[in-house]
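All chains, full assembly: derive it from the sequences and hints.
So the sequence lines, in the order shown, correspond to chains A and B. By the count of our numbering, the first sequence reaches residue 56 at its end, each step adding exactly one. By the count of our numbering, the second sequence reaches residue 1192 at its end, each step adding exactly one.
A few of these clues could be false.
Derived DEER-like restraints, expressed as beta-carbon distance ranges [as the list claims (entries may be wrong)]:
{"#": "1", "chain 1": "B", "residue 1": "Pro1069", "chain 2": "A", "residue 2": "Ala19", "range": "24 to 30 Å"}
{"#": "2", "chain 1": "A", "residue 1": "Arg32", "chain 2": "B", "residue 2": "Gly1064", "range": "28 to 34 Å"}
{"#": "3", "chain 1": "B", "residue 1": "Gly1064", "chain 2": "A", "residue 2": "Val39", "range": "25 to 31 Å"}
In case anyone wonders, no lab produced these hints; they're calculated from the structure. For every residue, glycine included, the Cβ atom is placed at its ideal position computed from N, Cα and C.
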Amino acid sequence: MSETDTPARPRRPVVLLGAVASLVVVGTAAGRYPGALVVVGFLFAVTQGLTSLGSP
Amino acid sequence: MVGTLGKGSRRQRWTNASLHVLASTVAGAGVGAVLAALGGLLPRWISLPAAVALCLAYGAMEVGVVRLPLPETGRQVPADWRYRFPMPVTATLYGALLGPGIGTRVASPSYVTLLGVVTFVSRPVAGAVLLGAYACTRATAAAILAQSLRRTPMRAISWGYALAPLWRLAAILLTCLTTGVLVAASITRHAF
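Structure follows, in structure tokens:
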């Protein structure tokens, strides 16, 4: 590699997959606690309720 | 629909908004309880993988990787209800129609993930709480928006669109977390 070469940037799908996998792992860790799904589901429900305002 | 909630005197607007939120919450909670009760009839070895599959599939749609069908009618609320019924009745009917989230248009693919969680892994009470929270938030936001439409119409109208990327990011994040929690549930055998 010469001095003028720039290092290859990480490709976007790889970064995306990494982020998704990390979040799934965090969710799996949180899922050890009973009620985790209700808490996550409640947040999900509230954000989805707000999302509907952005629809035509 | 939002315009309907913004009409009339202050007292009428609050009455219509309250009826709209109440009807929406009751309808959402009712549908949530029924879906969870029906899903409860399935054995766990079917329901848990089904919930995970919906998370993965509609999470991929939220990211833009695939395109899948949505449980929606694709229609707007019936406009003629505004002329056929008194305004409080119309506000109530609109709330009941919009509360379950599938009567008109589904704004986000991740809503199917929420429906999957409610149907496949929730007890009826949890299903009622989750879809009731969705319906209450949706109706309350619409009611608040309707009040602010009278003062700053353009700002209020563009509010939902301006924040759409934020809601999409939140939906992706919560879909991933939900998938993880469901994977953990398959290991720990938690019931919801």
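Quiz item: CB of Gly1064 (chain B) to CB of Val39 (chain A), is that within 25 to 31 Å?
Solution: holds (27 Å)
Quiz item: Between Pro1069 (chain B) and Ala19 (chain A), is the Cβ distance one that fits in 24 to 30 Å?
Solution: holds (27 Å)
Quiz prompt | CB-CB spacing for Gly1064 (chain B) and Arg32 (chain A) relative to the 28 to 34 Å hint | solution = At roughly 31 Å between Cβ atoms, Gly1064 (chain B) and Arg32 (chain A) fall inside 28 to 34 Å, so the hint holds.
Consistency with the previously given hints is maintained throughout, with no hint failing.
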